[in-house]
Structure formats: C-alpha cells, structure tokens
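> Residues per chain, in single letters:
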Amino acid sequence: MSVEAITITLVVITFIIYTAIGWWSRVRDTSSFYVAGQNIPAVANGAAIAADWMSAASFISMAGLVAFLGYDGTIYLMGWTGGYVLLALLLAPYLRKFGKFTVPDFIGDRFYSSSARTVAAIATIFISLTYISGQMRGVGIVFSRYLQVDIVIGVLIGMAIVGFFALLGGMKGVTWTQAIQYFVIIIAFLIPAFAISAQLTGNPIPQLSFIGSDIVERLSQIQIDLGMTEYMEPFTNLSMLNVFMMTLALMAGTAGLPHVIVRFYTVKSVRAARWSAVWAIIFIGLLYLTAPAVGAFAKYNLIDTIADQPLEEVQNIDWVNKWETTGLLEFNDENGDGVINYTSGDDNEVMIDGDIIVLSTPEVANLAPFIIALVAAGGLAAALSTASGLLITMTSAVSHDIYYRIFNKNASEAQRLRVGRITLFVALLVAAYVGINPPGFAGEVVALAFGLGAASLFPVILLGIFDKRMNKEGAIAGILTGLIFTLFMIGTILSESIFGTDGPLIESFFGINAQGVGVVGMLLNFIVSFIVSRMTAEPPKEIQELIENVRAPEIDEDIK
Amino acid sequence: MEEKKTLDERQKWYWRKNIRFILGLLVVWAVVAYGGAILFAEPLSNIQFFGVSFSFWIAQQGSILVFFILILTYAIRMDRLDKEYAQLLKEDKEG
Chain A
1 MSVEAITITL VVITFIIYTA IGWWSRVRDT SSFYVAGQNI PAVANGAAIA ADWMSAASFI
61 SMAGLVAFLG YDGTIYLMGW TGGYVLLALL LAPYLRKFGK FTVPDFIGDR FYSSSARTVA
121 AIATIFISLT YISGQMRGVG IVFSRYLQVD IVIGVLIGMA IVGFFALLGG MKGVTWTQAI
181 QYFVIIIAFL IPAFAISAQL TGNPIPQLSF IGSDIVERLS QIQIDLGMTE YMEPFTNLSM
241 LNVFMMTLAL MAGTAGLPHV IVRFYTVKSV RAARWSAVWA IIFIGLLYLT APAVGAFAKY
301 NLIDTIADQP LEEVQNIDWV NKWETTGLLE FNDENGDGVI NYTSGDDNEV MIDGDIIVLS
361 TPEVANLAPF IIALVAAGGL AAALSTASGL LITMTSAVSH DIYYRIFNKN ASEAQRLRVG
421 RITLFVALLV AAYVGINPPG FAGEVVALAF GLGAASLFPV ILLGIFDKRM NKEGAIAGIL
481 TGLIFTLFMI GTILSESIFG TDGPLIESFF GINAQGVGVV GMLLNFIVSF IVSRMTAEPP
541 KEIQELIENV RAPEIDEDIK
Chain B
1 MEEKKTLDER QKWYWRKNIR FILGLLVVWA VVAYGGAILF AEPLSNIQFF GVSFSFWIAQ
61 QGSILVFFIL ILTYAIRMDR LDKEYAQLLK EDKEG
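Sequence order for the protein chains is A and B.
Using full-length UniProt numbering, read the first sequence as starting at 1 and increasing by one per residue.
Using full-length UniProt numbering, read the second sequence as starting at 1 and increasing by one per residue.
Since the hints were made in silico from the structure, they are not lab data.
Just so it is clear, CB atoms sit at the ideal spot from N, CA and C, and this is done for glycine as well.
There could be a bad hint or two in this list.
Chain B stretches covered by chain A per the calculated footprint, using a threshold of three residues with CB under 8 Å from any CB of chain A [said to hold, decoys possible]:
no., region
1, 7-16
2, 19-31
3, 35-47
4, 59-71
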C-alpha cells in the first residue's frame, strides 16, 4: 500500500470514530440539554479544552514557524501558553460563576445593553472568522498532499467536511469527540518526535534531548556555515519590540478567545473550572514542550537532506516530488550549477512553505508509512476540532446574540436554526476564500485573530469583573476603539495580500508589525473605556450587586 | 443558600486574599516571560544551560513549565482558601 492509501484509510477510520462518538453523545445529551457537559470529569474537559485550543496552527504550523524563526519562535510557544495563565487566574472562574452561555451574553448582561451585546457579537464573528481561515488552510494542505490535488481543491474538500461535522455535532455533545481528538492529536505529534529524537540524538525523549544533546548547537553551526542567522541567537528575525508585542498580543488574545472561554461554562463548579484549567495546561504543555524540539530536528534534517545536494538527486526523493506538486516546495536552480543553494540571501534556490515542516518531518526522517499517515490524521483532528468549535461559536453569535436577542425576540427554534445554518454556510465560504488566499502561514493568520481578541474582548471582560465602576458607555467605546484601530492597522500593514495593493500602505506602526499591533489596540481599549466610564453615570445598583455576586466565594461540595 | 446582596466581611476577606494570590502569581508570570525570555534575553544568552543558552531554554521550554506551575499553584491555594472560608463560616454559625 502506498503512503497515500494508508493515510486515506487511517483518516477515514478516525472520521468514522468521531462521527460515531458525536452521534452517541448527541443522542444522550438531548435528555439533559443545557446541563450537558456539567457532569463531565475535569480531566476529559481539560482534554476537550486542549483539542479546542490546539488548532491546525499549533499542530501543523507552529513547529515549522519555530524552525524558521529560531529563538524568536518563542512568540508562539510562550504566547499560546502564557495566555492560559491569564485565562485561568483572571477570567475562567468568574465567567463560570456568572453562568451564561456565550461571551456576548456576559458582555450584554454585565453592561446592561444590547448595543454592547451586538458589538461583542461582531467582535466574536471577526475573531472566529479570521481564526477559522487558518484552519481551512491547514486542512487544505493535508488534503492537497495526500490526495495529490491542488491546494484550492484541498481547501474546498476541507470546507465540506468541516461543515458536515459542525452541522452534525451542534453545540451539545462535542466534548467527548474533542477529548478523543486530543488523544489523536497528541499521539500523532509525539510518535514521530520520539523516533526522530532517537535517530538524531540517541535519546528518544525529545523534550529532554532538545537541551540534553548538542543538536541545537549543531544546528546553529550549520546555519552559520550556510550563511543563515544563528538558531539560538535572540531577535535575529524579529526585533525585541516585536517579540514583546506579539507575545503579549497572543497571550491576551488567548484569554479573550470566545470559543475557549465557552468551554469553562460546561464544568460543574468554580473549583472545577480552576482544575480544568490545570488539566488543560498539562495537555497543551505536552505538545508545546515537544514543538521546539520538533522544529529544531526538522530544520536539521531538512538542511541535511537538501542543502548543497545535487538538484536532480533531491528531486527524485519521493516526498520532495509529492510536496513539489502541491506548490508548497519549490527549487529554482538560478545559477544552473545543478546543486541546491539553501541560504537566507539572494542566492537562495529553495522556497519552503513553513506549513509543510511538521507534515513532512516523518518522511524526511524516513519513518514508516503508518507514522506519516498518523501525522496527517493528527493535523486533520487538530483543524477539525477547532474549526467546529469556532463555527458553532460564530453561529451562536449571529443566531442567538444578534438575531434572537436583538432583532426578533419571538423567533421560534426553527427560525433560529435556519439563521444559524445560513450563517454557517456563509462563514464557510468566507473562510475557504481566505484559506485559499491567505495573508500568511496558517499560524500567522491565526495570530491576527488573537490580536483582534486582545484588542476587543479581553479588556472589557477583565474590567467587567475587576472594575465595578465600569459602565456600558465605557465598555462600548473601548471595544469599538480597540477593534477598529486593530482592523485598520492590520488592513493597512497587510494591504498587499488583503487588498492587492502594490505594496503595504504603511510598513508598521512605529516598528510594531500586524501581529503585534493588537497590543496597542488593547491599551487604547483600556484607556478609552476607563476615561469614558469615569465621565458617565455609574452602573445601576443591580449590576453592582451582580458583580459582587460573581466575586463572592462559591464553596464546592467536595471542599465542605 | 440565600444570595447576599453585597459582600459581607468574610467575603471581602476572601476577595482580598484572592486578589493577593493573583497579583503574586502574575508578577512571576511577567518576570519569567517578559524579563527572562525577552528583555534580558541577550545577557542571559551568555549563560549555558545544558546544551543550550539559558534564555533560549526559558523562551522555548522553561516558561511553559513555569506557566503550568503558576496555574497549579493557584488551583491548590484557592482550594485551601475555600476550606478556610468554609471553616470561618462554620465558626460564625456556632458563634
């Protein structure tokens, strides 16, 4: 059997399992309706949070981005885990105590205003849509490689499958599917990492051999020999300012992501929310401690395989050949000497899309076809679990928070469902379009979503809990300022790939790039909401009581 | 249990303690992530840590371990605070 055939078989088997679990838990959940997830153990909920959280960006893109960024890859490693500290300490317990179902629900009720709810819903839609585009791209890459079709077709196939799963799963009963998907993701990530670690360093534990062996040192050295920047040296690819800003944007954005926050509503108590956070960081950390090792190993192997090798020989390698047909790997023997120059200068003859690093790693290292197939299945699981969570979040923002709560308070269940389905369909089309014409790697597209989250939702949720004096005028002014500023800056800095202008309309915002500019939006949000709230009336008495109530301790049965 | 309209003394004590825990943990969070891995990356990159430099290790692995410890510490400390609070309520009731 060829690698492609094994991959397709394995992918189909995992899809059948997800479908079966989704169906099984869906049938059981209709009887328990909203309390659905509330008796799910903290461990399973932690795994579900981890699967929801770890998207195609974490699985497919991140190690590749780290491989190319070297030290500066820390923006993703720290950014996507450190935000979790903010979420666990500052938001999750209180949002659980508040006990509503969506993020716009919290903002709408806390700021006693349907305008605030609408603005929050719009921010949710923007964030989710940007985020889902990164997933579509990831799914598209996997399909284009293993079905050997163009990436456009790959994205379209991915779109159909993601839509099918989101329709099937619905809001309820996705927890168990996601818990299973977590295990597919983590096994698929760890097995090749173990194998390559053993191959390169003699130590099979990648998290340890990463620092325990001289592999990073060796990689640094060959990069210097090839005229690239030194792998271990900080700020060679990004300035210190940008590393700082991008890390902060990813952290605050992480804490403000609506589809992850929603997960904390499904646990049974405030205490369980805190412990779910502990389990989730364990599960997430397992992948994140491995990713830098995979990045370094992959880069080492890749350079070793192609740099200064005869072009013809390299092009005869099966995986090189297959990836070349996807258009994500290109060789261009400019000086015509028949040897591949791989450098970071003008004489470079290799074009590698960072998104193929993780997926091609097992092939580059000559691992068994089954492991290659497993990695493809893992990438799909990562993209699917996140994409369905996002689609449902987006759909509920439109059908519940905007249509039902604002436009048509008498809407029947069927009408809301229809609005939801239309939203889902439109969202898929937009996501597919952006997935085909992305303004960057899957991981970079996702990073933009986090900037928007950091600039809009994070500050007002935080102030809603910790600043009793914060009122609706302040919150609305704050979200709008943060969102509009950040969208405008992203649009102008990335105008080349988004609007097709000849070059970027502006290079950067005082040295801060598009992915870090969300931090400026966030600061503006804090400042504007603070000033506006102090100049307008304080929130009504019942809202102040509501906040007191969210802060009051809730003692778990287990503690008593 | 009847919902209290405003926080009583015990609840205020609980909230203040909670805020103190959070602030303490966030200081560690900021010092490790933004100090160790970014602002002081260059001086710390001269210190060797096993096969890599110290700041490189913090930036790519160490910080993640610290984040885990912070979240775990918060969960354990809040469990303990919950217990103390429940104990105080019991004492209040017994007068």
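> So which hints don't hold here, by number, going up?
Hints that this structure does not satisfy do not exist here, as all of them hold.
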